[in-house]
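Trainee: Just so you know, the sequences run in chain order A and B.
Per my numbering, the first sequence starts with residue 32, numbered consecutively.
Per my numbering, the second sequence starts with residue 505, numbered consecutively.
In case anyone wonders, no lab produced these hints; they're calculated from the structure.
Cβ atoms here follow ideal geometry from the backbone N, Cα and C, with glycine treated the same way.
Misleading hints may appear alongside valid ones.
[Claimed, not checked] Here are some of the chain B residues that sit facing chain A, going by a computed Cβ distance under 10 Å:
| hint | residue |
| --- | --- |
| 1 | L540 |
| 2 | E541 |
| 3 | C547 |
| 4 | Q551 |
| 5 | L564 |
| 6 | L647 |
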Amino acid sequence: MVTYEVFLKKDGRDEFRHAGALDAANDELALVLARESYARRAEGDRLWVVRREHVIVADDEFVSPNADKPHRHHDGSAVAARRKSLREQGS
Amino acid sequence: MIEVSPGIRSYLLSIADDKHFVGQQHAEWIGVAPFLEEDLAFCSIGQDELGHAALIYELLVGDDDLAIDALAFGRSLDEYRSCWFVEQTYTEWSESLVRHWMFDTADALRWADLGQSSIAELAAIAARVEREEVFHRLHADNLLDALLLDAESSAILRSAASRLAPFALGMFDPVQEEAEAVAEGVVSRPFSESLEAWKQLAEHRFGPLLWGNPPDQAHRTKRSIEFRALLGRMREVIEIDLHAVW
Numbered sequence: 032m033v034t035y036e037v038f039l040k041k042d043g044r045d046e047f048r049h050a051g052a053l054d055a056a057n058d059e060l061a062l063v064l065a066r067e068s069y070a071r072r073a074e075g076d077r078l079w080v081v082r083r084e085h086v087i088v089a090d091d092e093f094v095s096p097n098a099d100k101p102h103r104h105h106d107g108s109a110v111a112a113r114r115k116s117l118r119e120q121g122s
Numbered sequence: 505m506i507e508v509s510p511g512i513r514s515y516l517l518s519i520a521d522d523k524h525f526v527g528q529q530h531a532e533w534i535g536v537a538p539f540l541e542e543d544l545a546f547c548s549i550g551q552d553e554l555g556h557a558a559l560i561y562e563l564l565v566g567d568d569d570l571a572i573d574a575l576a577f578g579r580s581l582d583e584y585r586s587c588w589f590v591e592q593t594y595t596e597w598s599e600s601l602v603r604h605w606m607f608d609t610a611d612a613l614r615w616a617d618l619g620q621s622s623i624a625e626l627a628a629i630a631a632r633v634e635r636e637e638v639f640h641r642l643h644a645d646n647l648l649d650a651l652l653l654d655a656e657s658s659a660i661l662r663s664a665a666s667r668l669a670p671f672a673l674g675m676f677d678p679v680q681e682e683a684e685a686v687a688e689g690v691v692s693r694p695f696s697e698s699l700e701a702w703k704q705l706a707e708h709r710f711g712p713l714l715w716g717n718p719p720d721q722a723h724r725t726k727r728s729i730e731f732r733a734l735l736g737r738m739r740e741v742i743e744i745d746l747h748a749v750w
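Could you put the whole structure together from the sequences, leaning on the hints where they help?
Mentor: Here it is in structure tokens:
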């Protein structure tokens with residue numbers, strides 16, 4: 032048996048989203064089983080299955096440093112505070 | 505809802521009852537099929553079969569749920585028109601899978617003869633059924649393709665196919681009123697004319713089979729020993745309170 036990841040997309044602009052995973056004997060059965068397991072009530076109208084072994088997985092260490100970069104969070108509050116301060120000084 | 509003669513009604517019931525009971529048999533694998541994905545797929549297919557049966561019942565009695573239930577679950581045993589093949593409860597997965605393939609390949613031949621039916625509503629149902637049955641056959645064929653490559657699985661499946669073969673012949677045993685249905689153009693030809701083609705498909709799939717004789721189901725007027733228990737399971741909830749309103 033091969034493990035597959037299942038992705039579904041609804042009609043319209045929604046992107047493909049991960050729906051779940053399943054085991055199947057081959058690619059065609061994976062599509063049949065995905066259709067009946069994840070799209071049986073028309074949860075999506077487009078379907079991808081991807082062999083899990085074909086997913087390229089990044090190491091945790093490769094991704095995790097980005098969790099400590101507050102300078103990449105642009106909520107604008109620092110700039111707004113500075114402009115407010117300058118306005119008050121000018122008035 | 506359509507008005508038909510008792511003979512045509514009997515003919516239509518034979519198609520619906522086969523679908524109804526094979527759907528029930530498939531659905532009883534919920535939770536106990538060999539693996540989760542197959543569990544879901546097989547029961548979804550069973551649910552489709554129940555849906556197809558309901559379309560024909562609705563054709564006969566209209567869209568009133570109670571009337572459909574009465575027809576589906578409330579007839580006396582001798583009023584059902586199923587073949588014995590769908591009345592058998594198989595507790596071996598191999599037998600259920602083989603029946604799935606045998607029933608769906610035969611059923612495809614039967615519905616092909618209904619596509620030009622003189623009953624327009626039935627022809628429309630035939631088109632809808634085929635749209636869904638394509639996937640049922642894809643499922644059965646793919647699973648068998650995979651399993652028949654394995655020597656042990658292949659031996660189990662071929663043995664099951666030989667045990668089931670005589671019962672499967674009963675699918676082609678029509679109700680007596682089939683001749684009336686052919687004469688009136690409800691169906692283009694007797695189902696038995698598809699038998700040889702179907703046997704070739706079955707032997708191509710499973711190898712030579714010991715066909716034996718079909719069961720003595722008297723043109724579907726007699727029920728098999730297993731039927732009473734099957735109907736009992738199907739009526740289990742409704743019989744808790746026959747007058748309950750849901």
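Trainee: All hints, please: hold or fail.
Mentor: Now the hints, each set against the structure:
1. With a cut of 10 Å, the hint placing L540/B at the interface with chain A holds, because the nearest CB-to-CB distance is about 8 Å.
2. Given the 10 Å rule on beta carbons, the hint for E541/B holds: about 4 Å separates it from the nearest Cβ of chain A.
3. Interface restraint check: C547/B against chain A, minimum CB-CB distance 9 Å, threshold 10 Å, status holds.
4. Checking Q551/B against chain A by beta carbon gives a least distance of about 8 Å; that is within 10 Å, so the hint holds.
5. For L564/B, the suggested interface contact is broken, since its CB lies about 27 Å from the closest CB of chain A, more than 10 Å.
6. Interface restraint check for L647/B: the shortest CB-CB distance to chain A comes to about 6 Å, inside 10 Å, so the restraint holds.
Of the hints listed earlier, the one the structure fails to meet is number 5.
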